[in-house]
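The residues making up each chain are set out below.
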Amino acid sequence: MASSERGCLILSPVRKVGRKDLASFARDALAFARSLDDARLTRRRLRLHGLDLDLIVADPAYALACERVYAIDPLAGAPQPGLRLTVLDGENVPDMPRCVWSDSVIGGGPVRDALEADNLAGVYDPERDLWQFHDPETGEGVQLMPTVDTPPPWEASVPLRLFLHWAMHGIGRPLVHAGTVGLDGDCVFLAGAGGSGKSGTTLCGILDGLVSVGDDYVLADVTAEGVTARPLVKIMKQDREGLQRLGVDPGDPCLQGPNWQGKLEFEFDRLCPGSGARALSGQAILLPSVTGGERTSARQATAKEAMMALAPSSFAQLFGAWRADLSFLAEFCRRLPVWRVDLGTDPAEVAGFLRGFLAGSRP
Amino acid sequence: MACYVKFAVSGPDIVCEEFDGELVVLDLKTGCYFSFNRSASAIWDLLTAGIAPAVIEEALGQAVSPLVDNLVEHNLLVALDEPGERQLDGAVLASLRSVQDAPVVEAFDDLADLIRADPVHEVDEAAGWPHQKEAVSF
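Read top to bottom, the protein sequences are chains A and G.
Under this note's numbering, the first sequence has 61 at position 61, and the numbering climbs by one with no breaks.
Under this note's numbering, the second sequence has 6 at position 6, and the numbering climbs by one with no breaks.
Check the hints yourself; a few may be wrong.
Derived lysine-lysine pairs resembling DSS-like cross-links, with alpha carbons at most 30 Å apart [to be verified]:
| no. | chain 1 | residue 1 | chain 2 | residue 2 |
| --- | --- | --- | --- | --- |
| 1 | A | K16 | G | K29 |
| 2 | G | K6 | G | K29 |
| 3 | G | K29 | A | K20 |
No wet-lab data here; the hints were simulated from the structure.
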């Protein structure tokens, strides 16, 4: 690997860590990241919706991947809460801290518990030997990985997702695994497991002139005034069949890919100019399902049903802050009316249903 | 046999949220989560308030020990080494009388793999767990 390309390298010693000293290692890794000479690294300052991200990466391609995906807030004014996030790999930074787990058991639980005990967040991906540490108090994070190609294929969809989730929790605006469709400043959230119709319904809506802040992960905050959705990423994705069903030519120059799922990706505000909203006021949670019925129908559901639809995928894909996630998602679900929606097969009819629902004509 | 022991939530890793009288409970340690119907939620509230199961059974007129056993088996409740409360106040009695359905708790373990603690085997210190000795390291 790096040694054959770069000649002599000085590797950092491998530290043995376990529950008792993982937090100490994490703090050393954060301090190492802080001490690095910028000349070795690529730096980007990205103004996300509510967070100023100071991104420092050893591999310039990682910065490009983030810039390709993140939704930048064009109206961000005064300085926002910050996250200084450093992404290191052993090929470009061979002297980065390295460790090996020395306890007799390992897993997400022991790693999380060891870090939480010292007011840190973090995860370890044992298949890839990838560590992520976040210190919410200082607003710093560091990712350590053996090689530049360590991250899993889905990382490209929302790079550094967990860091953003943890940091956004700090400002009361965490990620929610839901799609959004809006009209006149309002929106509905679309929640459910993969395949339930979130992305297809979102795309169906924006092709019909509705707006959105995302079809997969969005930022949400719950205040006394209500629930607000904001974009985290500017990319949506859909498979070829789904695009064709909705009347989109898979050869459209806006489409990129296929990605790791075989889906084509696109900047939704480019595919449907004007569809990208900066903020939308949440009016309801819809739990869609593809039933093959002729017409779209809806029936009222409970906050608990919304919670059971949101929680599994949110917890599985947004690891490391479950206690806070449960509390936030519960409040999110309680604040909005919930509807189960059986989607019809005609995109125009589904879009009409959404438009009518948002305009206030509830079933 | 009537059970007059006091029960309590098994620890701080058991967190729950209530939705119009129904609970969702998450075990942060195992990743298992649970959906309680209204009856199970009402009984949970009494058990975690220290009321002895036998007292709840008497008031309800139905057995709650299968539910208690289930909650203990899933490590949501633990039996304490002290007697439970034997008095139910009027408001609680009225609340219990509104419980009509059988208590049901659905358990879900699809998140458990994310945090399960697995034994470490064959650690190569240059590579880190769980690589095998022959794994390429940098």
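Verification of the supplied hints:
1. Taking the CA atoms of K16 (chain A) and K29 (chain G), the gap is near 24 Å; set against the 30 Å cutoff, the hint holds.
2. Taking the CA atoms of K6 (chain G) and K29 (chain G), the gap is near 23 Å; set against the 30 Å cutoff, the hint holds.
3. Of the supplied pair hints, the one linking K29 (chain G) and K20 (chain A) holds, its CA atoms being roughly 18 Å apart against a limit of 30 Å.
Hint check: no violations occur; every hint is consistent with the structure.
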